[in-house]
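Participant: Now for the letters of each chain:
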Amino acid sequence: MTQMMSRVMSRARSRPQPRTLLVLLACAAACVAPLVLPDLTFFMRMVMAAIVVTGLSILMGYSGQASLGQGAFVAAGALTVAVGTTRFDLPPLLALLAAPAVAAGFAALVGVPLLRLHGHYLAFGTLALLLMVQTAMSTFDVLGGALGVSGIPPLGVGDRVVVGQLPYVYLALGCLGLVLLVSHRTVHSRFGRGIQALAGSQTAAESAGVPVNRSKVVIFALSAGFAGLAGALSAFFTPYVSPDSFPAAESFTFVIMAVVGGLGTIWGGVVGAVIVSVLLQVLNTISSQPGLPPTAAPIMQYATYGTLLVLALLFMPRGVVPSVDAGVGRLLTRPRVEVPG
Amino acid sequence: MSEFITYLVTGIALGSSFALIGSGFVVVHRVTRVVNFAQGSLAVLGAMLSASLLAGRLPHVVGEMVTVVVCGLVGVLVGVVAIGKRGTPPLISLIVTLGVSMLFSAAIIWLWGQDPVSPPGLDGFTTILGAEVERQRLLVLVVTLVAFAGLSLFFSRTYLGKALTASASNPFAARLVGIDVRRMGLVAFGLSGVLGGLAGVLVAPSNALSFYSDLPMALGGFAAAVFGGLVSPLRTLVGGLGLGVAGQLTAGYLNGSYQTEVALLLMMVIMIARSRSFAHEEAK
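In order, the protein sequence lines correspond to chains A and B.
For the first sequence, position 17 matches number 17 in this note's numbering, and the numbering has no gaps at all.
For the second sequence, position 82 matches number 82 in this note's numbering, and the numbering has no gaps at all.
With the rest of the complex left out, here is chain A (with noise of 0.2 Å):
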């Protein structure tokens, strides 16, 4: 995986042309797209999804470490927003930026006891995690209960607040850019460089000087303050938080999209995000025609999850995004691997 990695991003680095065209091509449809789309919740959760996706695929992808769980700090950071701001009367924005810190500090602390685990024994880790979560948001007042917290106020500073869904979504838009840029400092710094040594070799990495635990738990608390962020915007678009908002199907949507995207790539979570949420709004559009079973959706929904994921990694096991850049750059090189010969 990391050899894999470096070799893409060499390459990326020999040809940045076509790759910063694309960037601002991504931008400019993002931009664009709220004031055209008739449906701002596809779009919105869309981009919440592509938030979470970013910190997951770092995680999975340099890092080697599987979350089933992710929802819980998604949670984690709902739960700031909701419980804060109608509980504690916190000020909306201060919630707003409290929230991946909440995720990120929450997924420190459980990450110290959980990262020990490995493969397996991780993934199913973070899944009870998740469920866990889940219980305690169901069982204890604070967090909701079985009702869940309701009346969240709409973000703003003093009197000014904002309404309609429009500011939210570029708000959205621009914390997805500001995760992108961290991901992308983060991953070519040299804490970066460390983890990709983790990926290859846990033994080798802490031989040559590598915090193994430390750099694990930083990346682990990374992903969940990302995770967090979407989180704490979910819960002022949608202004409910409840522990059925957190299933346990949703944080493996998480993981097919960043499986789809491409492991370990920062572009990857947004394109399997853009993906995966197309395919399954396409999906329902036409589950929900008249004449089909009210089953179909369901029936629908999990065979293409099903199929997308034993699809993708059985026949383009790197994602798309790496198999797209590895094809492009192919193209790009031919007619100079010719002009020689």
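Please keep in mind that the hints were generated in silico from the structure rather than gathered at the bench.
Bear in mind the structure is a predicted one, so any value in this text is a computation, not a measurement.
By construction, the Cβ of each residue, glycine as well, lies at the ideal position given by its N, Cα and C atoms.
All clues given are correct.
Chain A stretches covered by chain B per the calculated footprint, using a threshold of three residues with CB under 8 Å from any CB of chain B:
#1 113 to 121
#2 130 to 139
#3 248 to 255
#4 290 to 300
Position chain B relative to chain A; hints supplied.
Facilitator: Relative to the frame of chain A, chain B by itself:
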């Protein structure tokens, strides 16, 4: 006292199903190093299939047997998808089987709908030490014990079982003496299908299962398998029974809704406490 006996028997019955599913995890993991996430779905499939077969007038025992055999074949299919492609790393195979379990959910909703299904089992109650106990729950324990005895005989006395053990302990050496390790992996998946189907057939008469039950079943089974370090069927049995009883006692004396969480918490504590020895096993 009679209350305690009831909780104990209920817990043992539930724990037996965890043990059966857990041993499915163990059988597959020993040979292939893959954790088969679809293990819970196989149990749900078993429950659904036996309900349909028994309603279609197949007599008891025959209906259950057919179900278990079909689940075994489906298990082989899962194996083909999960390990059929050479060089798939185990963690990727785990996510592949997660995808397979979603395909199971789609198929189960399509064929049987979304409602929980409970096939007929043994009716009536028996009195043990003054406590009324469902006979089906006793049947679960008896069949589980027989299944584990059969499993241990299979591994120690038959060629196929020995070949499986050989592939598990040293795949390279096994290949040298002419054992097709990949085929052994598929056999292991088939066996795990049989065990999962058995669990579904046995549990569903007293606890109705739906497509939604695959996750709790898989988690319970994995928790039991963790007691056995994902390699020992016998310790999985002990772990499963312990988890089931602990869960039921919590449900009975403290609060009914926490039994899953108790099981999960125990699982995490054990995983973390034993993480060092797990790392050693994986390094081998």
